[in-house]
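S.K.: Chain residues, written in single-letter form:
Protein chains: 2
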Amino acid sequence: AIAKPAIAQSSPEIKWRLTSSFPKSLDTLWGGAETFVKAVAEATDNKFQIQPFAAGEIVPGLAAADAVTNGTVEMCQTASYYYVGKDPTFALGSAIPFGLNTRMQNSWMYQHGGSKLLDDFYAKFKYIALPAGNTTCQMGGWFRKEIKDVADLQGLKFRIAGLAGRVLQKLGVVPQQLAGGDIYPALEKGTIDAAEWVGPYDDEKLGFQKVAPYYYYPGWWEGGTVIHNFINIDKWNALPKAYQQILRSASDTANVSMTAKYDADNPGAVRRLVAAGAQLRPFPQTVLDACFKASNEVYAEISASNPEFKKIYDNIVAFRSDEYLWWQVAEYAFDSYMIRARTRS
Amino acid sequence: AIAKPAIAQSSPEIKWRLTSSFPKSLDTLWGGAETFVKAVAEATDNKFQIQPFAAGEIVPGLAAADAVTNGTVEMCQTASYYYVGKDPTFALGSAIPFGLNTRMQNSWMYQHGGSKLLDDFYAKFKYIALPAGNTTCQMGGWFRKEIKDVADLQGLKFRIAGLAGRVLQKLGVVPQQLAGGDIYPALEKGTIDAAEWVGPYDDEKLGFQKVAPYYYYPGWWEGGTVIHNFINIDKWNALPKAYQQILRSASDTANVSMTAKYDADNPGAVRRLVAAGAQLRPFPQTVLDACFKASNEVYAEISASNPEFKKIYDNIVAFRSDEYLWWQVAEYAFDSYMIRARTRS
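Quick mapping for you: the protein sequence lines, in order, are chains C and X.
According to the working numbering, the first sequence holds residues 1 to 345 in order.
According to the working numbering, the second sequence holds residues 1 to 345 in order.
Think of the hints as simulated: they come from the structure by calculation, not from any bench.
When chains are identical, the list treats them as one kind, so a pair holds in a single copy or across two.
Here are the computed lysine to aspartate or glutamate pairs in the DMTMM-like style, where the Cα-Cα straight-line distance is at most 20 Å:
no.	residue 1	residue 2
1	Lys241	Glu34
2	Lys241	Asp45
3	Lys86	Glu308
4	Lys47	Glu13
5	Lys15	Glu57
6	Lys241	Glu13
7	Lys241	Glu42
8	Lys311	Asp119
Please read these numbers as outputs of a predicted model, since none were measured by experiment.
So here's chain C without its partners, still in its complex pose (with noise of 0.2 Å):
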């Protein structure tokens, strides 16, 4: 017997290095990479192996897309959104404010030709973005006082970021800039009045409810905030064409799963939260009325002058006005009908 070439040069062994935007404490986002890896490592006999590390330990966590880019590292685990500082048009690949839900985003992008629009523009970072997670839909966020109409916006210092930050910016809205870590005593002092995280499941962990009751929702700026794997495109194109489809799937396993994750676990969390005195609260119509309005108006603006955004924007919002039509058929009469039959029963 003589070796077979074919089969060594098509199952070579492969070590990546992936950094996550994600510190380990939140096992529903980094939790995400880890089941990434896992169904790579299984899938090849542990050929290709994949390192994974939380933000920090080798690179910042906002600084995953970058290090992707440099070849610092071969792969990230992050939120496009991250990286608005750049580009108004990342926030194109995760969410944005009033967008699409979890499922539609995923309808866009796997089937719209969404995920081709966003490679097509990262390309200049040199990566390619598979997606890897969803948060779904996220809360509004823990507010010191109630917010009953649109002049209790006026001065609040939000703990917000990227386009939902700049469009309350318009309404009054001051937003802060504060790591994870940082908010709870800001809240606890007063700091600030508002901050906004995910949602149940990942904020407990935090216990903003001892300092900011007021939990509103939705979090109309994450209708579904999509994580994804951005890798970088010359490690990429050197990959065994077997390799590349593996982590496709496994990207695929790690997006169905954390948004499984997140479904799973939620409800629990918003019940405790409730108990430890978490007052849940929706944002009036009027609030929610003005917030659309000037989501719009930022849109505009940044169409009238980025025209990558503008392009990829548009598409969006022709696909979300369709979806919509649709949705409010069977899935939203369904939902509408099995939330009615809970109460009663």
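Chain C is already provided as a structure; the job is to place chain X on it using the hints.
M.R.: For chain X alone, coordinates are given in the frame of chain C:
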């Protein structure tokens, strides 16, 4: 250099056959099988090849699972509820009246132990089940006359199968069994009064709006119907662990992409159907309430004599209650606002 038997053993050349319960004309459902086998072939450099066969090519569509039990084929793509004639527990694997929506199905199976419960049941039929698609919430079907109250169900000859047929029988409906191709002429002649199929994109191919224009929603018996890959347990156990993982992730790829395709294709179809004469109608609240009550009666009857059904059903119902407690907060509030905003703008 000498041969590397470890590598040769871990990537053997394997050929399997997959028989589907679906015809090639349904590119949504059949497309899931194509997506799956392509992902497996690409991930293994064509060493693991699964040849897919449409319903009837080698095995009749509704005998797909039996062919896996018997080892005639290694695996099939099917909907578990096709086999309720053997045991109503099969319905719990795909969809039951007033059950879970699409994301909840995934969450239950992947993260709440649902797949484990189902596999324990499927073991006696010698297969395991990997989730591999979802039709999303289906429509309630096509009716020759409007359904304005529960009394309109009396004597209604409705092409509908499974548990939903049994539920509707309690309200006077006479369930009819007809293959897909026989439905149109039966509706045209008035031999039957109504028929359910899937949702807009799949239904459009059959042209029912010409002979039964009232298109009801939601399909309360199919809130998010799961499509599974059933795999013969002996064939599964004989696979290298790497190939097992590749089958798992390729099934996840099929799952997320089928859902995404339904979400992408249904909006255009519902538009075209309405333009062609379909008249969308929500089931009246009184009808839904009567069907919900009748469903719970059916569940109680089956549970009284079938402990395996009861065990899994009780697990689903407890999960459903938790899910909708949370769902009505962020997800539903977000969708509600987006639906209202769409019609305003």
